[in-house]
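Going down the list, the sequences are from chains A and B.
In terms of the working numbering, the first sequence is residues 1 to 412.
In terms of the working numbering, the second sequence is residues 1 to 168.
Worth flagging that the hints you see were computed from the coordinates, not collected in a lab.
Remember, predicted model here, so these are calculated numbers, not experimental data.
All residues carry an ideal CB built from backbone N, CA and C; glycine is no exception.
It is possible that part of the hints are untrue.
Derived Cβ-Cβ restraints for the label pairs, each shown as a range [what the hints assert, rightly or not]: (1) A/Phe316 with B/Thr132: 31 to 37 Å; (2) A/Gly111 with B/Ala139: 56 to 62 Å; (3) A/Gly231 with B/Ser151: 33 to 39 Å; (4) B/Val157 with A/Gly198: 36 to 42 Å.
Examples of chain A residues toward chain B, derived with CB under 10 Å [stated by the list, open to error]: (5) Asp42; (6) Leu95; (7) Thr96; (8) Gly112; (9) Gly128; (10) Ala158; (11) Thr166; (12) Thr170; (13) Arg171; (14) Gly173; (15) Asp181; (16) Ala306; (17) Arg308; (18) Ser322; (19) Glu324; (20) Ala326.
EDC-like, lysine to aspartate or glutamate: derived pairs with alpha carbons at most 16 Å apart [unchecked claim]: (21) B/Lys91 with A/Asp325; (22) B/Lys91 with A/Asp226; (23) A/Lys248 with B/Asp159; (24) B/Lys36 with B/Asp159; (25) B/Lys91 with B/Asp60; (26) B/Lys91 with A/Glu288; (27) B/Lys36 with B/Asp60; (28) B/Lys107 with B/Asp80.
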Amino acid sequence: MRRGIITLLLVGLAGLTLSAGPFAGHWETLFSVDPDGGTFVDGFQSMLTIDYTMSTFITTSYSEFQEFGFLWQEFSAAGSAGAIDLQGNILFGPLTAEFLYAQFIAEISLGGAELGYYYAMLGEAVLGGPADGFAFRLAGSIGSMDFVSITELGARIADDDFDGITIVHTRSGFSRSYITDPVVPGQGFTGQKVTIGGLSLGCVEGIEATFYITCGGFDYVLFELDGIVTGLNWLSFDMDLRFEVQTKTITMTPALIVGEVLCLKPYFALVPGLPSISIDGIVLGGVELIYRSNGVTFRDVTVLDAGRYVITTPEFGSQLVSIEDAIASGYAYYVDYWELLSLEVDGEACCGGRYSLLINSYFEEGSTEIFGWSMTSFEGWFGIGTNTALTLALTVDGDGLEGMSIGFAFDW
Amino acid sequence: MGPRIRWIGVGALLVCLALGLAGCRGFWNTAIQLPKLIVGPVMVTGTEGYVLISVIDMPDGGIASIQFGTVGNEAIDFADIDAATIVGVGKNGFVITAEDYTTNPGKATLLAVNGPTGIIGGEILRFTFTVTGANPTFAVDKTKVTIADDSNTFITVWDLSTTDYHTR
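The following block holds chain A by itself, in its conformation from the complex (with noise of 0.2 Å):
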């Protein structure tokens, strides 16, 4: 089996390769040094991403490397026959020599309707697997009402309620994700759900419902009401009432109306009580500061209520956002840190290409450095033409330099 794999996976590569023709690609590589480990390089990373045009098909080879070796290669195909757009995904775990995951997508547009058929496999080698299945999704509108149905055989697509499936190794905790989670108990018919959108009336701004049955029967009908008009001009509010076959849940999330904000941007939030449809106060969790000019960008972001709200990592945008909302959206944040001074820099640089300096320091609670100071990062990206860039990151805190991470990337 894991033979088989290997050869798949090589002739699939050479198959790449060698073939003649429009090739483009992207090869990224970082490596990172610890002044303090006792090895020098003590990280590496390095994706290799080539598109092949065929026609009005795109097919690419995704290969992500780690230090601890060959994590995942990934081939996929997508373009249009016709009028039907196709999307195929296959992914392979090298470091196994194992088949992960498989997804085909087939859609298509029909007089303002669109039909989707979608369908997945997972491998044995996947906690839940082997798994497979598929769906069907129409959508349209009617009039001012829009309507969408989705019909699971084995398997559920990703919506706004649904956030498909993410495949993760678990020693490293790096993933990869998809539309299409073939990861659903049972086999032939699984589930039917549509939702019926669009729908307003004068207080409120949005109208959703959602039916949803499984193979086991009903399992919940949602109404979302969102923009409730209180009469207040500061205060709104979204509404979701939930029925399952034994409970009944309404959820209430107030929202302030705080209106234009053009440098200086406070950050309110409700505080609810006890029972969840009061509001006990407003707390103003933080405040952010931003000034652009001529290419340079400077932030200052201040946590004023530390155990509400955090600062993400420079990944994920270096924002102002409550715990809760991190954690649902995926956020990695920083939990001791209650200032940031930001300061990006974007400009020209030699042979038409473009570099960016973002330099980050963070002041925490109980630092006995100057002012509270913790940690700062520099990340800077040097373009040489338009093809090749070389990167530069570092970190500094109170005993130093403590890391420090240099690489490239290259287009063709």
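Fit chain B to the supplied structure of chain A, relying on the hints for placement.
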């Protein structure tokens, strides 16, 4: 779009629909997935190592607290790891409120809670440490672990997993 192409597309979709509704079902009858606590194998880079602990399919608002035994009845057994260097960090809102890695050699216990919300799927804990041997291990004894959901009710039916890949 030519009418022939359009009808080919409609025909293809109708065939797929007919096959599906006629019972041309998948190969596998997927079983109901129990909630799982997933303990990753030790990841080693040089002399440093780490272990990730994740959950999937946690019911009733998700996992909000977890206890790995007690001192003297620890749920975690480790080897070839320097106990003095173990640092546990909560993820996705989890905070470690009590921990002990050194009282009994090769044994660890801790309590972690999530104040803001329960976690249905995702990483909840990460342990970093210095490895001291060629085969570092970090194993969890399921019988000594207790898990509670977002309503402070024990989740009693769950599995322990150490597979190479999982989904969420």
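Run through the hints listed earlier and report the numbers of any the structure violates, in increasing order. Going through the list in order, the structure violates hints 8, 10, 16, 22, 23, 25, 26 and respects the others.
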